[in-house]
Every structure is written in structure tokens, then in C-alpha cells.
Amino acid sequence: MSNSRAQIILKASGIGKQVTTGTTELTILSDVSFEVRAGETVAIVGVSGSGKSTLLGLLAGLDTPSAGSVGINGHDLYALDEDGRAALRGRMVGFVFQSFQLLPAMTALENVMLPLELAGAAEAAAPSRAMLARVGLGERLHHYPKQLSGGEQQRVAIARAFVTRPKLLFADEPTGNLDAATGGQVIDLLFELNRESGTTLLLVTHDEAITGRCDRVLHLSAGRLQA
Amino acid sequence: MKVAQEIRLAWRLLARDWRAGEITLIAAAIMIAVAAVTTVGFFTDRVQRVLELEANRLLGADLVISDSRPLDPELRREASRRGLAATEILRFPSMVMLRDRAVLAEVKAVSPGYPLRGELRIAERLFGPDRVAGTIPGPGTVWVDERLHTSLDIAAEDRVGLGNSRFAVGAVVTHEPGVELGFLSGAPRVVLNAHDLAATGLVQPGSRVRYRLHIAGDSEAVEAYRAWAQPRLRSGIRIEGVRDARPEVRSALERAEKYLNLAALTSVLLAAVAIALAARRYLQRHLDGCALMRCLGASQAVIVRLYAVHFTVLGVLAAAAGTAIGVGAQAVLVLWLGRVVTVTLPPASLAPALHGAAVGWLLLLGFALPPLVSLAQVPTLRVLRREFGVPGSPGLFAYALGMAVIAAMILWRAQELRLGLTVLGWFVAAMAIACALTWLLLRAVGTLRARGVSWRFGVANLRRRTGATILQVVALALGIMALLTLTLIRDDLLRTWRESLPRDAPNRFIINIQPDQAAAVGRFLAERGTAAPELFPMVRGRLVEIGGRSVTADDYTDERARRLITREFNLSWATRLQADNRIVAGTWWERAPGRADQFSVERGLAETLGIGMGDALKFDIAGTAVTATVTSLRSVDWDSFNVNFFVVAPPGLLEGYPATYVTSFHLPGGRVEVLNALVKAFPNIVLIDVAQVLSQVQRMMDHAALAVQFVFLFTIAAGLVVLYAAVASTQDERLYQATIMRTLGASRVQIRRAHLAEFGLTGAAAGFVAAAGASGLAYYIAHGFLRLAYAPDPAVWLIGIAGGALGVAAAGTLGTRRVLETAPLKVLRALG
Chain A
1 MSNSRAQIIL KASGIGKQVT TGTTELTILS DVSFEVRAGE TVAIVGVSGS GKSTLLGLLA
61 GLDTPSAGSV GINGHDLYAL DEDGRAALRG RMVGFVFQSF QLLPAMTALE NVMLPLELAG
121 AAEAAAPSRA MLARVGLGER LHHYPKQLSG GEQQRVAIAR AFVTRPKLLF ADEPTGNLDA
181 ATGGQVIDLL FELNRESGTT LLLVTHDEAI TGRCDRVLHL SAGRLQA
Chain B
1 MKVAQEIRLA WRLLARDWRA GEITLIAAAI MIAVAAVTTV GFFTDRVQRV LELEANRLLG
61 ADLVISDSRP LDPELRREAS RRGLAATEIL RFPSMVMLRD RAVLAEVKAV SPGYPLRGEL
121 RIAERLFGPD RVAGTIPGPG TVWVDERLHT SLDIAAEDRV GLGNSRFAVG AVVTHEPGVE
181 LGFLSGAPRV VLNAHDLAAT GLVQPGSRVR YRLHIAGDSE AVEAYRAWAQ PRLRSGIRIE
241 GVRDARPEVR SALERAEKYL NLAALTSVLL AAVAIALAAR RYLQRHLDGC ALMRCLGASQ
301 AVIVRLYAVH FTVLGVLAAA AGTAIGVGAQ AVLVLWLGRV VTVTLPPASL APALHGAAVG
361 WLLLLGFALP PLVSLAQVPT LRVLRREFGV PGSPGLFAYA LGMAVIAAMI LWRAQELRLG
421 LTVLGWFVAA MAIACALTWL LLRAVGTLRA RGVSWRFGVA NLRRRTGATI LQVVALALGI
481 MALLTLTLIR DDLLRTWRES LPRDAPNRFI INIQPDQAAA VGRFLAERGT AAPELFPMVR
541 GRLVEIGGRS VTADDYTDER ARRLITREFN LSWATRLQAD NRIVAGTWWE RAPGRADQFS
601 VERGLAETLG IGMGDALKFD IAGTAVTATV TSLRSVDWDS FNVNFFVVAP PGLLEGYPAT
661 YVTSFHLPGG RVEVLNALVK AFPNIVLIDV AQVLSQVQRM MDHAALAVQF VFLFTIAAGL
721 VVLYAAVAST QDERLYQATI MRTLGASRVQ IRRAHLAEFG LTGAAAGFVA AAGASGLAYY
781 IAHGFLRLAY APDPAVWLIG IAGGALGVAA AGTLGTRRVL ETAPLKVLRA LG
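Heads up: the sequence lines are chains A and B, in that order.
Numbering of the first sequence is given in the working numbering, commencing with residue 1 and proceeding in unit increments.
Numbering of the second sequence is given in the working numbering, commencing with residue 1 and proceeding in unit increments.
Everything labelled a hint here was simulated from the structure, so no lab data went into it.
All C-beta atoms in this analysis are idealised placements derived from N, C-alpha and C, irrespective of residue type, glycine included.
It cannot be assumed that every hint is accurate.
[To be verified] Here are the simulated lysine-lysine pairs, DSSO-like style, with alpha carbons at most 27 Å apart:
#, chain 1, residue 1, chain 2, residue 2
1, B, Lys-826, A, Lys-167
2, B, Lys-826, A, Lys-146
3, B, Lys-826, A, Lys-11
4, A, Lys-11, A, Lys-146
[Stated by the list, open to error] Pair by pair, the computed Cβ-Cβ distance ranges are:
#, chain 1, residue 1, chain 2, residue 2, range
5, A, Ala-133, B, Arg-464, 16 to 26 Å
6, A, Asp-31, B, Arg-464, 41 to 51 Å
7, B, Ala-429, A, Gly-84, 45 to 55 Å
8, B, Ala-429, A, Thr-20, 55 to 65 Å
9, A, Arg-195, B, Arg-464, 26 to 36 Å
10, B, Phe-427, A, Gln-18, 50 to 60 Å
11, B, Phe-427, A, Thr-20, 45 to 55 Å
Isolated chain A, as found in the complex (with noise of 0.2 Å):
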């Protein structure tokens, strides 16, 4: 599904993040560059501790790296303050993490209702209640996460990231809180919805049977993408 003539819209160049524990300086990524084109599905690969979530988290501007920079849509993420960034989220960026990160004393309809309600959109629940039923939890509503299953918290999850169509998703290890059957459906989902919104998807993953159906993987290894 790659479209070489599709607009560049995530361009990570040159990334490299450092940090200081004590006295030793310990570097977590180095000279990371590439780009992924619009409607790509992107897998980022390595061993545990190779930077994996580091990287994602830098593509999504929730840290700052220490060298580099990230480009959104033609946007460079890291020339715009913390609010600025945030507000580029809010409107191009959806998350998926492997601990879901609902908030537990929000119903499942009120933590996919919260980007909207954060982005000031005019009608929040209208749109959520839709997601929620289009992720098979039109019944559950109501329920509050520890209510639910982790496959079923994990769908609201989804919900909540596809609700603002969001041009980039981001996943962090969406399947690694799940049983495999339960991880299965939760990916079929992912893609399912990816497809129908044009959405981009980047996502870290250990799992061969995601990476299978990526367009493109990256290898990371000791901070560095390998060739």
C-alpha cells in the first residue's frame, strides 16, 4: 500500500536522546532519521531496551530529544512550545499504549469523549457513543475500566485515539497487555479502522504477526536503525 508519491508526513530527522543517571551519560538513541509517507503502516522493531518507546515518544513529541528534529504534516514539532505541541496533537495525533491509559474514574463514553471535549469540539458524546458501538462496546457504555476486560479497555482505547480521526496514529506495544486471541482482535481492529480512516500508523511492536501486516519496518537496535 505504499505510496511513494503520497505527501511526507512524519520526518524524523537526525534524533538522538541522551540521559544523565548520576554521574554516567547514557545515550538511548542516536542520529535516528526517517519518514513515513500519509496511509503508511510503519512497524518500529528491536530488543527490548533498543529505544523503541523512547523513539515513539519523541515522534510524539511527549519528550524532547537532545538532538534532531521532528517534522508533523510540515510542521516541526520541537520549534513549537509544549502547548503548541500539544495542540498539534490534539488535532493531527491519536495514542494506543499497551497499559491502555484510560482514566479510571471516567466511564469508557467519557474517556473517548475527553479529546473532543479537550479540542472544544461542539458535540463530544454524539460522536464517541459511535466509536464506542463501532469497537463492539456500544453496550458498555457506562462501565467504568475496571469493569471491563483488558481486550474490552483496550477497544476503548482505540475509540478514544480514532475518535478525533487523527491523520497519525501512534501504538505503543498495543497488544502486549493481551492474550494472543484477545491481541488478534484488537489488531484486526486497529487496521480495520486505519483502513477506513486514511489514517498513518506507526507502531512498536514485538509481535511477528503485526509486523507481517506493516507496510514497512524499522529496525531499531542500540539506538540506531539499522539498514
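Let chain A serve as the given structure and place chain B on it in line with the hints.
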């Protein structure tokens, strides 16, 4: 795991928690609790003893034993054996002669050491500057007071006659301790060296001599001595401390004690809340670790034991630190009080430190253990499903142990079961009302469907966690209430208390005014610029029957009751209830006029003698029996220094009996000439000087007020810790929520506004509840506790609500500022 291994592991957990700052709050809460309790303990212990010592200066001793016969020398020897200071004094009336004049005076024969407490001040010449005597008159010399000096017109070389001896007049007594009502109090005085007494030949069998043994020393030793002496004294021998002698002083001391105990209780309650909140937060932050330990094979029992050791060590360390702070604080206090208190402070006893540590430790057990037990019960599945095992609001039942500790504290502090239970009942009721009020406020706020996602999010956040919000609001309200009560209302209360004894309170009493002189005495005083005094009729009678049953001293074991029953009562009659009296049972006759055979009895007297409403009291008045029914009980502000009576009748019952009149008035200092003129114009009246008692009570009030303010500093600290703990208790959750919001694209402004809305509403609700609580508490303290008229300031509401909203919003946004400054990824990893 072996015991030693477990202890080592527990120690490592503690060290790790300490380094990570996980137990700072809980340790601070315990430390402040212990420091507060310890300091308050030292205060109620040492300062109370100072107040009593000061009060004893009035009596001239800590304890006085007196009799009309010579006292058993064993009494004095025992006092010396116990390391107490003791000195004997003889008092008797005698004529003092000079040339052709003779004046009846009260002679006081003193021995070295007199006075044991307070000061004897003398001047070289009449109206000359005075100084502390520091000694007693030398042999062959007497000291006389100003009135005797004036009456006899003594010149420099004159020698006055006393019985068979003649004495040089060495000095003029301007001030002496040992004010005692009743015994020739109005007569001029002579102070004589006891060494010269035998030569005068004045003390013979049958003379009206009062033998007094003055005792002073360490208060515990004095109490022990009193306990030793009491059963050895035959009936008729009086033994009294200042509390027995002066109802005004007793009343003032008891109020001071009540105030201090109240401060102590408030600190303890606040500390308990702080510990509970801090422990709850600790629990929330350690669920993962515990789940992991269980996952790795630790049984519930092992986890309970690990944390029990962990918290025992924490409790011991924090309590030790708190005790150290308490000891330091009371040392500061000693320095500070040393400047205003003129007596030496008694040494600190170990007891308050032990009490403080024990209380802190019990609070930790009672309020930190329940969450810790639930920590052990965390489901192992939590390692996979974080939403498992999130504790709900802990129920009141979980804190039963803590509540029991608090209840025990209250009962112990109140030292009176009924008062303790009342306070406890009020506390529980107030908490329930506060919860209900918060719930209603949350419902009301929920209907405010307003614009803006931030506001809506903030409001929704509050309602979504109703239980936790109620807990937080009530905790915040407790903290704010303490601050409101201690800052705004305290000043009002202290002022009201001090104003209850105005600077121009009566300092002189006149008794024995004949009925035909009453009007003239009133006119005399009014003409000389004192406020027109109110004169009260007085009839003396002995109480012989209560409820148809004859009573004697043998019917009572209580010393005060035995003394009261053998004395004649001063009965009076009145139409109106005096301003400083309050009806506590029954009705005053003005409201229900009718029969004349009624009595209104002072409550304390009724309790001491076992007199109840409806009892018929029979008095023997000059050989005639007068019987009437008790139709009301009154509380009396004895420390108002107005004339007051234990038993009052309506007009019509007592008028036929021989009465005299009594009054009290304020004489400004230095106007002795008024007294001399008064005594000259009305030679039969007896003047009683209570100026010393009055200034002593005023000084005691001032000191007590200072002490109370110092104690309240700790209460304020405890209140601030509660506020901080309450805000911090939900901080992690807010951080997490805010991070998710940022990940989903929320701007800082949106998050800040949401926090402002949420914290502001929480603070306003807490302020509202706190203002209600503070007003109620102040009303209760004033009316129920201190018996003062007091109207709460309406500004409390404004300051409570606005201050609560602003303060909590500021503290809350400050506390969650971190989320706006830290990269979301870090917070997600740390909390997620």
C-alpha cells in the same frame, strides 16, 4: 523468610522509601503530632503548675493547715522530712495601745521564712516608697499597716503596747500575702516576730487564736503531703490550697485548663487526619510494589509483618524526632515565659514526653495500619491489571482502632467522662454533618452546567470521585476550620475571656452594712466617684435539712462539702437574676411569679452537697427554721468579682430576719483616703480588700492566654499539614489525568483552568464547611465550655470560603505544576 531477614528487608524498604521521599509526609505528620502533644503536655503540666504557684502567692503558701488549737508538731516535722518549706503563724485579735488610744487590730506572729509564697512589702515611713521586706520584724519590733499607723497617729520614736510588752514600730506594711476573707479581714494589722509572743502574755487558754502552718514546695510533694496529712487531722482543722480558698481563682484556673486541653485535643485530631491522609497516599503509591512482592511469592502475612516492622521503626524514629522538637519548643517556652512569670518554673517531668510519643505512636497504629492491612490484600493480578486493587474510600470501620485511640485521648484529656463523651459525640456528629454538607454541595455544583471544557472537566472530576472528594473536602475543612478558629475566633474568644474580668472589676468588698446605713453607704461611694454600687441584703443561716433529711458533716466524705455544711451560709433575696448568673435548671421566679418559699441554688454547691431540683432546704436562721423548695439551679461567674450568693430566695421569704447588706466596688489604686473616710463614717462596716486577688487572677488570665497562643502554634502547624496532605492525597491521580489530557492534546491553560476549577471548588466547599464548623465550635467553646457570651463574626464565612478557594487553588496548582513542566512520557512511565 527468617525473622532477621524480614527485619533487614523491612529496614531496606524503609531506607528506600525515605530516599525516594515516599514517607516524608507521613513522618512529618507523626512528628508534628508528637511535637504538638508533647509541647501541649509540657504546657498543661508545667504552665499549669506555674499558674497554681502564682495563685498560691495569694495564700502565702501552697498549703495551709489551720486550727483554733496548737497544731500537732508532727505535722511540721513531717513537712521538713519531705523536704517542704514550713513556717508557723499565729493570728489573733488584740488591742494595740499608744498613749491614750487603743485600736482593735489583727496580730500576726510570724517566724523566719514567712511568707513562703508571694511578697511582704514594707515602707520605711507612712506613704513612703515600699520594697520587698525579705525578712521578718526583728525582736522587739513590730510592723504595722497604714490604717493602724494613721489610727494611732504613730510618730518616729513611739513604742506601741501589745499585751505586757512594748514595741518599736520598724516599718509600715504596704502589701501582704495571705488574703483571707472572714476573719476580722477589715481590721488594721500588726506583724510581730513570734519570738516576742510569749512575753506579751496575749496567748492564753481560751484566747481567740488561729494557729496556721504554711507549707510550700514541689507541687507533687505538697500533694503527697496533703494526702498524708488529711486523714490525720481531727475534724475542725482546715487544710486548704488556693483552689479551696478562692472560688475566683479556681474558676480562672479551670478555664485556663479547659482552653489548654481543647488546644491539645484539636492538635491530636488534626494530626490523626494528617496521618490518615498521608498513610492513604502511601498505600496508593505502594500497591504495585506489594502486588509484585505477592507475585514473587510473599504471603499476605509476610507483607503485613514487613510493613508492621517498617512502620514500627518509622513510628519510633518519627516519635523520637517529634519528642525532641517538643522538648526544644518547651525550652523556648520556658525562656519566653521566664520573662513574664515571676516564679521559678518547676522542672519538666518526663511524663509529657512519654505521653506524646505514645499518642503519636497510637495514632500511627490507628490511622496508618488499616490502609497497610489493605496493602497486604492487594490482588496479585494487579501486576497485570493496574486497575485492580485500587482502594476505595476507606470506611469509618477501618479506622475503628484510630477512633478508639482518639476517643481514649479525649476522655483522658477531658478528665471527665461526661465532658469527654460530649466532645466525642459532637465530633462524630460534626463529621457526619460535614460529609452530608459536602455531598449536598457537590450535588449543587453538579447542576452548574457551565461553559468551557476546563470548568466542566474540573466539576465532573469532583463528582466522579464523590467519595474521595468528600474525604478530601472534610479533611481540608478540618484544617481550614482549625486555622479559622485559631486565628480569627481565638482572638475574639481570648478578648471576650479577658473582658469578662474588666480592669475596673470590683476590688473591695464591704460587709456588715446595717439596713439603715445601706442608702448612706451607697451615697458616700457615689459622691467619691465610684460607680453607684449595688447593695445586696444578706441573712446568715445554717443548712440543716435537704429534702426532709437532716444533714451534718458526717454525711459527707468530700472535704469541701464537710466544710460548707458546718459553716453558716449567706442567704440573699432578689427579684432580678444577676447579670453574671445563668439559670441551668428550672425557672427563675421573675418568669414564674408566685410562691415566696423558693430557693435558687448555685450549681457547684448543689453538686457538692447533693442538692437536686425540687428538694426542700431547711435553714436555721437565728434559731428559726425556714424551709423552701429548690426551683432553679444557677451557674455563677465567680471570677466576675461581683457579690454572689450560693442560695438566693425571692422577696418575701427572708425579709423578717436580721439582715446586713454587702456590696463590692472598684477603687482606683492610690485612693486609700476614701477607705479611711469610709471606715470613719461607718465604724461598724468591714472592708475587704480583694485587689490582690483581682490582679492575681488578671495576671493568671494574661499568662494563660499567652500559653494558649503558643500551644495553638502547633495546632496551626498540624492544620497546615492536614491541608498539604489533603491536597497531596489526590496529586498523583491529578498528575496522571493531566498527563493523559496533554497526550490527547490539552493545552497548559486548559489543564491549569481545570485544576483551578477543581481545586477552587474543593477549597470553597471546604471553606464553607469549615466556616460552619468554626462558628459552631466557637459558639460551643464560648457557651458550653468557657461560659462566655460570644457572637461569631460573620466575616468568618467570607474569609473561610474565599480563603479556602484561593488557598487550596494556589496550593493545588502549585503541587500539580510538575505535570506542566515534566515531559508527559516521563510521567506516564512513572505513574502509568
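(Q) Need the list of violated hint numbers for this structure, in ascending order. (A) Checked against the structure, the only hint that fails is number 4, while the rest are satisfied.
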